[in-house]
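Here are the chains, one letter per residue:
Number of protein chains: 2
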Amino acid sequence: MNGAESLIQTLVNGGVDVCFTNPGTSEMHFVAALDEVDGMRCVLCLFEGVASGAAAGYAAIAGKPASTLLHLGPGLGNALANVHNAKKGNLPMVNIVGDHATYHLQYDAPLTSDIAGVAGPVSHWVHTSCASADIARDGAEAIRQAGRGQVATLVLPADVSWGDNLSGAADAPVLDAATPVPEDRLDKAASMLENGKATVIMLGGRCVSQAQGELASRLAQATGARVLTETFPARVRRGAGTAVIERLPYLAELAIAELEGTEQLLLLGAKAPVSFFAYPNVASVLSPEGCDILSLAGPNDDIEGALQALVTRVGAASQAAPALRELQLPEAPTGELNAGTVAQALACYLPEDAIVVDEGITSGLACFPATAQARPHDWLNLTGGSIGWGLPAAVGAAVAAPSRKVVCLEGDGSAMYTVQALWTMAREELDVTVVLFNNRKYSVLEVEFARTGARGGKPGPKAASSLAIGKPDMDFQALAAGMGVRASVATTAEEFSQQLASAMAGKGPCLIDARIPPLELNW
Amino acid sequence: MNGAESLIQTLVNGGVDVCFTNPGTSEMHFVAALDEVDGMRCVLCLFEGVASGAAAGYAAIAGKPASTLLHLGPGLGNALANVHNAKKGNLPMVNIVGDHATYHLQYDAPLTSDIAGVAGPVSHWVHTSCASADIARDGAEAIRQAGRGQVATLVLPADVSWGDNLSGAADAPVLDAATPVPEDRLDKAASMLENGKATVIMLGGRCVSQAQGELASRLAQATGARVLTETFPARVRRGAGTAVIERLPYLAELAIAELEGTEQLLLLGAKAPVSFFAYPNVASVLSPEGCDILSLAGPNDDIEGALQALVTRVGAASQAAPALRELQLPEAPTGELNAGTVAQALACYLPEDAIVVDEGITSGLACFPATAQARPHDWLNLTGGSIGWGLPAAVGAAVAAPSRKVVCLEGDGSAMYTVQALWTMAREELDVTVVLFNNRKYSVLEVEFARTGARGGKPGPKAASSLAIGKPDMDFQALAAGMGVRASVATTAEEFSQQLASAMAGKGPCLIDARIPPLELNW
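Respectively, the protein sequence lines represent chains A and B. Using this note's numbering, you'd call the opening residue of the first sequence number 1249 and step up by one each time. Using this note's numbering, you'd call the opening residue of the second sequence number 1249 and step up by one each time.
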């Protein structure tokens, strides 16, 4: 058994049995080992940002890490943005980054780079395996470090990969369980919930589950507290039959208004809410001054256990049922195709247990509220703010849950960072429907330009040109066809509804190029 | 004047008057300032790797840096691979990376990241500007650091950008001149050239110019030394009327054979030759054991001056004319379209003073020797080994030299890393012809798989699948059309010749999807 075979067997033993990859020469022994060791599914991506985004989407749905296989520092660089997103979302990931043979590094060949240096800012754990005999131990430690919510990056020199490893593979490591929340903190939270002050319970983190929502809703019913999720938890269970929970708005101005009057904030999985960006004359901290903030449970703590303990403490189990959403489906929309009618069609046709990957940016904003009473589904959010996550995350979600429909809400601007993901959807015949909001603008940047107050909020000609991605207009039907994904163009609500209904009824990858008008800035 | 205006004026004053960008919220004041300060050409890219690759191609042709404008750590991550390529090629670049407002960083908002940490491994110089009053000084220093051959990365917090700068812009910095090679080193080199031993003069670095080639050839004629270039200098002047100089082969086995018997190696701009990758049982160092290696001039030294001084020392000026290539154009090819007939057509139709950007990988290999006696042209190579450089570099070269025809030789695999560059070609109406070698394989990886000896050199089914990028086949005509670039498909040598001739005679961006058979592995 060589080092690469030992590593793959160790990964498979530890339950890491999917590898999203774009390999190069230094990874050829790892690639060869895929045929020597059973159990690793290898998904080829044409760009490393697709591989890392897919690993992020996979982790959100599978609840465990996938591995990536990347080619030296530049390959990791290409993957970096979506590794960042995973790290910010507390999503587990095991990156395997090939390097030159250890003895070759001294010669500073063209692809020599400081891999650990690049990995550090986006990883919780970085390690370079220095000998073939160590790789099983190092691989198991990478899995343990990734655990439930960390990014582990293991650098694999070529000679460590091709050298003999007589000690074989490692068993599955013992993973840390979710940390129980200390009793005194629960006592404090219970007394805060019962002191009559205006209180918000904010949920967030890797997954706001059905059970978490119901428990928080019971607490709210019993104590008068409000429940919100943070703006972008990695995953939220929602739709009919789930608890009535709103989310904190993205826009700082609206979030501040939403939290106005809040005297106490209990955080479970969520961080204390802050503005996504800084703006002149807008506060960075979104909660009111003097608000008493308790970080009750971090993203790796036992959030559900904490909520259950609080329900017991405040006597909510006997006195309050959770407020649940009822199923309410709109009619299929007619008339103009715009962000609103797309959202209406989505609410109408979204099948039960679908996974929605939301990178619709401004155009997708209407979809979230519109689907609150749709059939029950999971909603995945962009956790680290770096766009180019959506299409890859849809790949990963579909690999993790092949029997579920994945709907990817995607902006035209954000699609173009990692548009190569379409090819992997076709290659793996993934059941993903991409709703492509084609408005020929970086609309969010027009909004942000106004919010930052640059040049009085009104772009001059050069700036306006930098925010517009028409000239030439992109034809996503052609782009999808170029990568083997069947696609259609919708220009009316009727066309879109028909195409979406057909996609929801069928299987396999498809893309709807939804030609919508650009956002009107009227706020 | 605010910080952003001060910075842009400083860049323009220092001759850095092109900015390749993909901006975000934290860069909105920089974008706004483009309309307040004259003289900066802003080129929008849909992905940051296009921006950095364009800056690399621009620098190779313009001989001075462009700036990039990138969005925080993830934006820099997306740009990283081509920044790496620029650094390895000693190409100057000024990266401006926006960051959160200084006071906002403490809140660890989703896009907060260690920008300087990501920048370090791919930059010669990294600095964070901490106050609006400093930005002019910092911008001028970035230009000075970039100089002729370095990557300078300046982090620009949003509040530094939007804050007032009463001190205005800075003047152009004084750049370091090329360092003269010390006399004693020249004496040593001259004595080596005259001692009768088997000597190779190896040229390389940022630009192997007409003059360098002629001088080296004179030295060779006078002393019996051989002249080679390193495998991938950033830029080489070649074709009819240039000196007869071969390049060191890429494959270590062939390079070792090429250098066999060499007793002395004089390096000018080039590094001591080493294998691109390590392979079991193949040496990393390509020159023979015991070969006496003199690093006569580094990439930032006065290479032409050193060659001139040597010509004088060894008396070559009077006794030897350089050996120059004669113009010899082949007929247009007929029959099967393959790597060879593409190369023949290229040699036939390449116009005078064209710029060839070579990321043809295996399929492009035949083009280099085939064009040795074509009309005179410049040839740009991938200097850092990270593919996804070609299409962006063609963008940058065309921006730098709008009156010259740019021909981009591009593999199908490598094209897909930064395929978004096609959109910028269309938007800016750049005179680029992309010759897309569509063989539906990562052929280079099949070669490398065999060379590494993994699994006896023969991929199993999973490995073979990871090296093949058919299923689905990519349709580059559709991809180009989706981004506004006119394209055609060529399946015979006649079709290709006709399409290439037409492209060479016309102006503006176009792509030829050259359907060629995959490489036959028979070595």
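Calculated from the structure, these hints are not laboratory results. Among the clues, some could well be false.
Covered by chain B, per the in silico footprint, the following chain A stretches (three or more residues, Cβ under 8 angstroms) [what the hints assert, rightly or not]: (1) 1287-1297; (2) 1364-1378; (3) 1710-1719.
With a straight-line Cα cutoff of 30 angstroms, these simulated DSSO-like cross-link-like pairs (lysine-lysine) come out [said to hold, decoys possible]: (4) B:K1312 <-> B:K1706; (5) A:K1719 <-> B:K1445; (6) A:K1312 <-> B:K1719; (7) B:K1519 <-> B:K1445; (8) B:K1755 <-> A:K1755; (9) A:K1755 <-> B:K1710; (10) B:K1710 <-> A:K1312; (11) A:K1519 <-> A:K1436; (12) A:K1719 <-> B:K1519; (13) A:K1706 <-> A:K1719; (14) A:K1445 <-> A:K1519; (15) B:K1312 <-> B:K1519; (16) A:K1312 <-> A:K1519; (17) B:K1445 <-> B:K1312; (18) B:K1719 <-> B:K1706; (19) A:K1710 <-> B:K1312; (20) A:K1710 <-> B:K1755; (21) A:K1312 <-> A:K1710.
Glycine included, C-beta positions come from ideal geometry on N, C-alpha and C.
(request) Sort out whether K1312 of chain B lies within 30 angstroms of K1710 of chain A, counting only the CA atoms. (result) At roughly 23 angstroms apart (the allowed maximum being 30 angstroms), K1312 of chain B and K1710 of chain A satisfy the hint.
(request) Would you check the hint for K1755 of chain A and K1710 of chain B, treating anything up to 30 angstroms between C-alpha atoms as holding? (result) holds (25 angstroms)
(request) Decide if the proposed pair is consistent with the structure: K1312 of chain B and K1519 of chain B, CA atoms, cutoff 30 angstroms inclusive. (result) holds (22 angstroms)
(message) Run the distance test for K1755 of chain B versus K1755 of chain A: straight-line Cα separation, threshold 30 angstroms.
(response) violated (44 angstroms)
(message) Holds or violated: K1445 of chain B and K1312 of chain B, Cα atoms, limit 30 angstroms.
(response) Measuring from Cα to Cα gives roughly 39 angstroms; hence the hint is violated.
(message) Does K1710 of chain A sit within 30 angstroms of K1312 of chain A, going by the straight-line distance between their CA atoms?
(response) violated (46 angstroms)
(message) Would the hint linking K1719 of chain B and K1706 of chain B be met if the CA-CA limit is 30 angstroms?
(response) holds (20 angstroms)
(message) Is the listed coverage of the stretch 1287-1297 of chain A by chain B valid when you require three or more residues with a beta carbon under 8 angstroms from a beta carbon of that chain?
(response) holds (count 5)
(message) Next pair to validate is K1312 of chain A with K1519 of chain A; report whether the Cα-Cα distance is within 30 angstroms.
(response) Holds: K1312 of chain A and K1519 of chain A sit about 22 angstroms apart, inside 30 angstroms.
(request) Closer than 8 angstroms, Cβ to Cβ, for at least three residues: run that test on the stretch 1364-1378 of chain A against chain B and report holds or violated. (result) It holds: at least three residues are needed, and the stretch 1364-1378 of chain A offers 5 whose Cβ sits within less than 8 angstroms of chain B.
(message) So if I understand the rule, the pair passes when the alpha-carbon distance is 30 angstroms or less; does K1710 of chain B with K1312 of chain A pass?
(response) Cα-Cα ~23 angstroms, so holds.
(request) Take a quick look at whether K1312 of chain A and K1719 of chain B sit within 30 angstroms of each other, Cα to Cα. (result) holds (29 angstroms)
Comparing the model with each numbered hint stated earlier shows that hints 4, 5, 8, 12, 17 and 21 do not hold.
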